[in-house]
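Protein chains: 2
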Amino acid sequence: MTTSTTTEVIGILGGMGPAATADFYAKLVATTPGSSDQDHLRTVIWSDPTIPDRTEALLGDGPDPTPWLLDGSRVLREAGATVIAIPCNTAHAFVPRIADHVGLPIVHMIGEVARHLTTVSPPIHTAGLLASSGTVRAGLYQEWLDRYGIRLVLPDAASQDREVMTAIHAVKSGTRDGTTTALLTRAAQRLTEQGAQAVIAGCTEIPLGLSADAVDVPLIDPALVLAQALVRRATTESRAG
Amino acid sequence: MTTSTTTEVIGILGGMGPAATADFYAKLVATTPGSSDQDHLRTVIWSDPTIPDRTEALLGDGPDPTPWLLDGSRVLREAGATVIAIPCNTAHAFVPRIADHVGLPIVHMIGEVARHLTTVSPPIHTAGLLASSGTVRAGLYQEWLDRYGIRLVLPDAASQDREVMTAIHAVKSGTRDGTTTALLTRAAQRLTEQGAQAVIAGCTEIPLGLSADAVDVPLIDPALVLAQALVRRATTESRAG
Numbered sequence: 005m006t007t008s009t010t011t012e013v014i015g016i017l018g019g020m021g022p023a024a025t026a027d028f029y030a031k032l033v034a035t036t037p038g039s040s041d042q043d044h045l046r047t048v049i050w051s052d053p054t055i056p057d058r059t060e061a062l063l064g065d066g067p068d069p070t071p072w073l074l075d076g077s078r079v080l081r082e083a084g085a086t087v088i089a090i091p092c093n094t095a096h097a098f099v100p101r102i103a104d105h106v107g108l109p110i111v112h113m114i115g116e117v118a119r120h121l122t123t124v125s126p127p128i129h130t131a132g133l134l135a136s137s138g139t140v141r142a143g144l145y146q147e148w149l150d151r152y153g154i155r156l157v158l159p160d161a162a163s164q165d166r167e168v169m170t171a172i173h174a175v176k177s178g179t180r181d182g183t184t185t186a187l188l189t190r191a192a193q194r195l196t197e198q199g200a201q202a203v204i205a206g207c208t209e210i211p212l213g214l215s216a217d218a219v220d221v222p223l224i225d226p227a228l229v230l231a232q233a234l235v236r237r238a239t240t241e242s243r244a245g
Numbered sequence: 005m006t007t008s009t010t011t012e013v014i015g016i017l018g019g020m021g022p023a024a025t026a027d028f029y030a031k032l033v034a035t036t037p038g039s040s041d042q043d044h045l046r047t048v049i050w051s052d053p054t055i056p057d058r059t060e061a062l063l064g065d066g067p068d069p070t071p072w073l074l075d076g077s078r079v080l081r082e083a084g085a086t087v088i089a090i091p092c093n094t095a096h097a098f099v100p101r102i103a104d105h106v107g108l109p110i111v112h113m114i115g116e117v118a119r120h121l122t123t124v125s126p127p128i129h130t131a132g133l134l135a136s137s138g139t140v141r142a143g144l145y146q147e148w149l150d151r152y153g154i155r156l157v158l159p160d161a162a163s164q165d166r167e168v169m170t171a172i173h174a175v176k177s178g179t180r181d182g183t184t185t186a187l188l189t190r191a192a193q194r195l196t197e198q199g200a201q202a203v204i205a206g207c208t209e210i211p212l213g214l215s216a217d218a219v220d221v222p223l224i225d226p227a228l229v230l231a232q233a234l235v236r237r238a239t240t241e242s243r244a245g
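Line by line, the protein sequences are chains A and B.
The numbering used here puts the first sequence at residues 5 to 245.
The numbering used here puts the second sequence at residues 5 to 245.
None of these hints come from the bench; they were simulated from the model.
Below, a sample of chain A positions facing chain B; criterion: calculated Cβ distance under 8 Å:
{"no.": "1", "residue": "PRO22"}
{"no.": "2", "residue": "ALA23"}
{"no.": "3", "residue": "TYR29"}
{"no.": "4", "residue": "SER39"}
{"no.": "5", "residue": "SER40"}
{"no.": "6", "residue": "GLN42"}
{"no.": "7", "residue": "HIS44"}
{"no.": "8", "residue": "VAL48"}
{"no.": "9", "residue": "ILE49"}
{"no.": "10", "residue": "TRP50"}
{"no.": "11", "residue": "ASP52"}
{"no.": "12", "residue": "PRO53"}
{"no.": "13", "residue": "ALA83"}
{"no.": "14", "residue": "LYS176"}
Glycine is no exception: its CB is placed at the ideal position from the N, C-alpha and C atoms.
Looking at chain A on its own, in the form it has when it is part of the complex (with noise of 0.2 Å):
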């Protein structure tokens, strides 16, 4: 399997935050097989920190991030991107509003998790949620896993704003320190006792906060996921053409 002869272009819409896009660009990398640079996927990446917070925006406290959406995707199509990833799950609430102007496919990251949770063995009936108040609010999860029959549980107010959003601020600002992991980690036992069988990390900045280790039930990265469905493409694709 080598992904060297594809003419697949990976546009990355990035900076929803900048460290998760740096840590999705690095899953992406060590993903790819190969064993020189020439076996990886070219790829352009659009890194604009300045989009209005999703989160406000969905909550209503802030502008809509939907014009600098769709700037990005243009830059990332001029720049010859082929495919559009968004690690962002956030940003995913604006996905139907930018789809069909963006000229290119969205290789949709809450979709592909959804996907994978019906690959997993033993089965998952029940998947717990760690994500922005922004995420939870627009139902981007529920609304998957619904398609999949997949009951998704998650924290309750107080857990969601105290634990949850206290440790996405902290990792934003460039802290990761024991208090931001044990916010998540409690926050994660929560959702085990109300049966869930995995935990999404579905915010890009919460695997950066919480170790698989700190979970006892199978952690997943959103961002693992669309990287694998990425590579999966371009190689699928090479192998077509």
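Using the hints provided, position chain B relative to the given structure of chain A.
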């Protein structure tokens, strides 16, 4: 100090290799002051791992990467970049061939390292270099360190070939194990035995395989020095603007 009002858009000409590009962008994000996404610098990254091997070209064994570097620079300029950074030491051998055609300033990583060495206390009179054979052969660090009156010491031919290049290829192929670290640690020791008061990790793969703790003298990471130079430039431009 904030970068949030800057009009600077960082263009990263990357893919040489892709893991080093991901690492460089992570360092740029970590170096940027600020507590929210919106404090970070807009960045566009063109990561083309299919660019022909720079060392092979310099040793006369492979195609000239200059056309690929020019293409990538054009993509970055058209995407809105206002400055270009190239997180690959060896590629700097080709900077004189592209600089006049890029239409954007290039922040020169090797020039920044040489300048940085003059600011370290106590003063550094002799620096050692761990770099690809292409970088060594092209005399890139030699030229810049000469300008500042710093003596450069290099591995002997056997160490360059069997330790440094073996380790660089191991990191490029995704291997970062104890053997790689041991090879680089031994090569660094040989440089300090020759009087090096600092060791330049002069290939972006080397900091991925060698930690600063493993070396008795300061280990200079050119990617970090370049990231700091870009942030300084953006914040200065911001204050002036």
